[in-house]
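J.: Read off the chains here:
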Amino acid sequence: MSALAMTLSALLAGGQMHDMANMPGMQMPATPKPAAAARKRPARRAAPASHAPSMPGMDMTAPAAACPPEHAATGHCKPATPTPAPEASAAPCPPEHAAMGHCKPATPTPAPEASAAPCPPEHAAMGHCKPATKPEPDAATLAGTDQPAGDAPPPAAPTTRAAARFYDPAAMAQADRMMRDMHGGMRFSQILFNLAEVQVQRGRDGYRWDGEGWFGGDIHRLVVKTEGEGGFGDRVDTAEVQALYARALDPYWNLQAGVRQDLGAGARRTYAVVGVEGLAPYWFDVEGAVFLSDKGDVLARGEAWYDQRITQRAILQPRVELNLAAQDMPDSRIGAGLSSAEFGVRLRYELRREFAPYVGVSWERRYGATARYARNDGERTGGIALALGVRAWF
Amino acid sequence: MIDAPPRLTRRQLLRDAGLAGGVAALPWFPAWAQPVSAGIATPLPTVSGTDIALTVGHQMTMIDGKPLHTIGVNGTVPGPLIRLRQGQTARLTVNNTLDEETSIHWHGLLVPFQMDGVPGISFPGIAARSTFTYEFPVVQAGTYWYHSHSGLQEQMGHYGPIVVDPDGTDPVASDREHVIVLSDHSPLHPHTIFRKLKQQGGYFNYQKQTLAGLLAGRDQPAKDRVAWGGMRMDPTDISDVTGSTYTYLVNGHGPADNWTALFAPGERVRLRFVNAAAMTIFNVRIPGLRMTIVQADGQNVRPVAVDEFQIAVAETYDVIVEPAEPRAYTLVAESWDRSGMARATLAPQVGMVAAVPPLRRRPLATMKDMGMGDMGAMNHAEAPAPCAPEHAAMGHCTPGAAAPMAMDHKMRDFANAPGLPRTPTVQTVAPMPMDRTGEPPQGLADAGHRVLVYRDLVALEKNPDQRAPSRQLRIHLTGNMERYMWAFDGVTLNEVKEPIPFRAGERVRVTLVNDTMMAHPIHLHGHFFELVTGHGDHSPRKHTINVAPGGTATFDLTADAVGDWAFHCHLLYHMHAGMMQVVTVRADDATEAAA
Chain A
1 MSALAMTLSA LLAGGQMHDM ANMPGMQMPA TPKPAAAARK RPARRAAPAS
51 HAPSMPGMDM TAPAAACPPE HAATGHCKPA TPTPAPEASA APCPPEHAAM
101 GHCKPATPTP APEASAAPCP PEHAAMGHCK PATKPEPDAA TLAGTDQPAG
151 DAPPPAAPTT RAAARFYDPA AMAQADRMMR DMHGGMRFSQ ILFNLAEVQV
201 QRGRDGYRWD GEGWFGGDIH RLVVKTEGEG GFGDRVDTAE VQALYARALD
251 PYWNLQAGVR QDLGAGARRT YAVVGVEGLA PYWFDVEGAV FLSDKGDVLA
301 RGEAWYDQRI TQRAILQPRV ELNLAAQDMP DSRIGAGLSS AEFGVRLRYE
351 LRREFAPYVG VSWERRYGAT ARYARNDGER TGGIALALGV RAWF
Chain B
1 MIDAPPRLTR RQLLRDAGLA GGVAALPWFP AWAQPVSAGI ATPLPTVSGT
51 DIALTVGHQM TMIDGKPLHT IGVNGTVPGP LIRLRQGQTA RLTVNNTLDE
101 ETSIHWHGLL VPFQMDGVPG ISFPGIAARS TFTYEFPVVQ AGTYWYHSHS
151 GLQEQMGHYG PIVVDPDGTD PVASDREHVI VLSDHSPLHP HTIFRKLKQQ
201 GGYFNYQKQT LAGLLAGRDQ PAKDRVAWGG MRMDPTDISD VTGSTYTYLV
251 NGHGPADNWT ALFAPGERVR LRFVNAAAMT IFNVRIPGLR MTIVQADGQN
301 VRPVAVDEFQ IAVAETYDVI VEPAEPRAYT LVAESWDRSG MARATLAPQV
351 GMVAAVPPLR RRPLATMKDM GMGDMGAMNH AEAPAPCAPE HAAMGHCTPG
401 AAAPMAMDHK MRDFANAPGL PRTPTVQTVA PMPMDRTGEP PQGLADAGHR
451 VLVYRDLVAL EKNPDQRAPS RQLRIHLTGN MERYMWAFDG VTLNEVKEPI
501 PFRAGERVRV TLVNDTMMAH PIHLHGHFFE LVTGHGDHSP RKHTINVAPG
551 GTATFDLTAD AVGDWAFHCH LLYHMHAGMM QVVTVRADDA TEAAA
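From first to last, the protein sequence lines are chains A and B.
Heads up: the first sequence at position 61 corresponds to 61 in the working numbering, and the numbers run straight through without jumps.
Heads up: the second sequence at position 293 corresponds to 293 in the working numbering, and the numbers run straight through without jumps.
Source of the hints: derived by calculation from the structure; they are not laboratory data.
Errors might be hidden in some of the hints.
Calculated cross-link-like contacts (lysine to any residue; reagent style SDA-like; alpha-carbon spacing at most 20 angstroms) [claimed, not checked]:
1. B:Lys410 x A:Gly382
2. B:Lys497 x A:Leu279
3. B:Lys223 x A:Trp283
4. B:Lys462 x A:Trp283
5. B:Lys497 x A:Gly217
6. B:Lys497 x A:Ala143
7. B:Lys497 x A:Asp176
8. B:Lys208 x B:Lys223
9. B:Lys410 x A:Asp250
10. B:Lys462 x A:Thr141
11. B:Lys208 x A:Asp285
12. B:Lys208 x B:Pro171
13. B:Lys462 x A:Pro148
14. B:Lys497 x A:Ala157
15. B:Lys462 x B:Lys208
16. B:Lys208 x A:Arg309
17. B:Lys208 x A:Leu347
18. B:Lys208 x B:His189
19. A:Lys295 x A:Ala265
20. B:Lys208 x A:Glu354
21. B:Lys462 x A:Ala143
22. B:Lys497 x A:Arg177
23. B:Lys497 x A:Pro158
24. B:Lys208 x A:Asp176
25. B:Lys208 x A:Phe355
26. B:Lys410 x B:Arg422
27. B:Lys208 x B:Thr245
28. B:Lys208 x A:Thr311
29. B:Lys208 x A:Arg180
30. A:Lys295 x A:Gln327
31. B:Lys497 x A:Ala371
32. B:Lys208 x A:Glu350
33. B:Lys497 x A:Glu350
34. B:Lys208 x A:Ala314
35. B:Lys223 x A:Gln174
36. B:Lys497 x B:Pro421
37. B:Lys410 x A:Trp393
38. B:Lys223 x A:Ala157
Note that the structure is a prediction, hence the values are computed from the model and not measured.
Turn these sequences into a full structure, and let the hints steer you where they fit.
T.: This is the structure:
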């Protein structure tokens with residue numbers, strides 16, 4: 001059980017701390033080639049002649065708005081006076097535009113050294129870099145949005161509604177509440193049966209289900225889970241229902257706590273439940289829970305599955321489930337230690353996302369005292385079953 | 001790809017094109033939205049004047065020959081073109097025939113805040129079965145639009161275009177013009193769409209990576225898939241709602257309807273594009289024609305000739321085309337995840353069609369889209385060293401390291417965004433967000449022709465306010481695809497305690513940092529802002545800026561419109577999930593008193 005807890009916490013921690021140190025393509029180059037990079041950027045724009053638009057549709061009634069040379073150079077417009085196709089060298093190129101890669105300075109200058117790295121004003125303004133004092137024009141020549149921003153403090157947030165001056169304040173207050181609730185405060189629900197199947201196996205055919213429903217908002221939810229199995233023409237072997245409060249812990253994981261009631265052939269115990277459910281790295285759906293019964297017995301369960309998309313609608317789901325107990329529970333036919341394990345592979349076809357018939361195999365095995373109980377009852381301790389079912393949600 | 005939902009094929013389009021005439025004859029469309037349009041220069045049943053009546057109601061609309069439930073204005077989807085003149089006063093009476101509240105927001109028009117039409121912020125809303133009269137001076141010219149700000153009515157068809165003619169000469173001359181409203185429509189109710197997204201974030205994505213694709217050598221190689229899986233990031237997560245449910249519309253018509261815009265060869269034709277979609281960013285091109293961008297978000301810009309441009313949700317672009325030959329041209333507006341397209345035809349006469357290009361391959365998100373700076377490029381880079389000196393200067397990389405440096409970028413390291421709360425809403429924090437306004441928009445880097453980038457936009461006239469900003473502000477765009485939560489600064493609107501305050505008249509530099517792997521078209525009501533893209537006192541002025549995945553965008557804002565204003569992502573379901581806040585602009589009495 002502690003192993004399970006450790007696994008879970010490791011998974012949780014992995015979710016938080018996964019880094020990309022070993023990501024493909026995450027390595028920095030051994031040798032930077034700033035000169036090559038610096039040449040590369042202007043090259044993208046260096047074909048003004050090919051762009052040279054004829055400015056269709058622009059009725060240039062305002063000659064002042066015409067075509068400053070630096071924009072002509074960038075291919076944004078064509079100067080009013082017909083000039084020979086502008087060579088890159090002929091167009092004036094203010095240093096700040098050169099720095100941005102908009103144009104090439106008239107005199108071919110050596111590729112900038114890293115020390116003289118250009119610092120476009122908007123980046124400087126964002127604090128990304130510090131403009132080099134030497135080649136940059138001083139702040140006085142910068143216009144409009146090229147200027148750096150100051151650091152004045154923000155004003156205090158008002159507490160009144162401006163619209164209350166024009167409309168009934170009570171109506172505005174109500175509309176405001178509705179508006180806020182509508183943008184993020186809605187509640188939803190989903191009921192999903194991951195397993196709902198007939199199990200065909202040697203000896204005895206049976207059925208099995210495993211489903212869960214949630215109701216609520218983004219952070220707080222009520223979760224109801226149910227699972228069980230049985231044989232045809234027989235009583236329901238095992239069945240349980242859980243009612244849990246779930247709270248989002250982080251982007252992927254939910255803490256769940258509540259009660260579980262057993263309803264099957266064995267002892268009808270009631271348990272307190274604490275568990276987690278979420279999405280682990282590499283897209284594994286993981287669930288783990290610890291159960292404390294009204295008799296003081298402790299159980300634990302872990303489940304994980306993975307959806308491997310073969311096509312857009314055919315999905316292969318390997319799934320594993322482990323059940324553990326801290327003590328022997330003869331009434332429930334459960335023994336201490338790892339009591340049972342199941343491994344299944346199910347191939348479903350999503351006719352719709354919500355409705356996917358599947359076929360698969362399920363291998364199950366009981367261990368230790370649990371297996372002994374089963375043998376004493378004349379039951380099998382494990383085996384392979386063919387599973388035919390439907391994964392459905394709404 | 002093997003069993004993706006039925007797609008539009010070229011053959012289908014060509015076959016269906018023959019049906020267009022029949023659809024065109026339906027009487028309840030305004031003339032400008034008829035499948036055959038003579039251009040809005042001719043007299044039209046457009047609504048205009050000082051007193052305009054608008055009725056909002058349920059209706060059935062024919063799209064690609066199928067009747068679909070919509071909410072329209074004056075009986076059409078899109079609603080009628082509202083044509084105004086700069087300097088007039090507009091009085092618009094909205095009659096709500098729905099059994100629920102409605103509203104109309106005048107997107108891009110500078111109106112007094114109490115006329116801005118956002119229930120809960122600017123007014124209480126227009127109650128079911130009631131009327132409300134908006135009245136405001138029209139102070140500007142250009143192409144704008146209007147839409148509901150109540151519930152998810154916008155997805156149902158509650159939107160339409162606005163054109164304001166300048167009171168002087170229009171610097172953009174044309175012989176003819178067409179309004180082109182792009183949008184998306186689904187047979188699913190918008191609340192169903194949103195519920196599905198909450199239940200399964202990738203519900204509508206039928207272009208995921210598959211084992212079959214891996215075996216066929218498509219998409220990412222195995223080691224990249226493993227690495228991305230380790231981060232729980234899906235590189236095919238481009239658009240949340242896709243062509244698997246949407247039909248993409250031009251002026252309310254599906255691709256098979258083939259809405260046609262007429263021209264005479266040699267004319268200068270002005271196309272006024274409005275993206276009124278709920279969730280779809282479009283890549284627009286007209287094979288065979290160069291498009292010259294002359295206006296963005298209603299503001300004139302220096303002409304830029306391009307082959308393709310991306311129009312984010314809520315943006316407008318005016319372009320000039322000069323078709324010289326008497327032939328048909330196809331107008332293609334491909335959804336940016338390439339799951340479908342809106343299609344129209346430009347032709348000298350009705351019934352002519354041109355080839356419709358097939359959908360291009362969908363893009364995959366890169367490391368750069370996760371805010372890893374230029375790391376993504378290294379993935380595919382051949383030899384050249386990607387540590388350009390200007391990046392070194394910004395501390396984005398370190399040149400000259402003798403050995404390969406092991407980068408240790410955590411996907412959710414709050415050291416990269418001090419002050420950001422550690423909420424479940426924040427799935428990722430971009431470690432190295434870069435200004436991406438100079439790059440082709442997502443998926444268009446390899447288009448093979450000239451694509452508009454934000455840095456190409458230069459205002460035609462000098463900016464009205466050329467002051468340096470007195471302060472600056474960073475706002476993080478955050479989200480969680482697994483829980484389908486979206487927010488500014490990690491807090492969904494229902495949990496936000498305070499508005500974002502501005503002093504009346506102050507000029508502030510705002511940097512939007514996109515910590516998510518999706519693009520977010522961010523709209524501020526009541527203002528234009530100047531993009532900080534290196535154009536000084538000719539910075540382009542916009543009301544909506546699309547912040548690239550893992551990127552930043554910076555603008556200077558003059559907070560000159562006193563009142564309370566909505567500020568939100570214009571992807572409808574992102575806003576609905578909480579990616580919205582209230583911006584206040586108030587005179588700072590305390591400061592004045594102290595001074």
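J.: May I ask which of the numbered hints given earlier this structure violates, with the numbers listed in increasing order?
T.: Violated hints: 1, 2, 4, 6, 12, 15, 18, 24, 29, 31, 33, 35, 37 and 38; rest satisfied.
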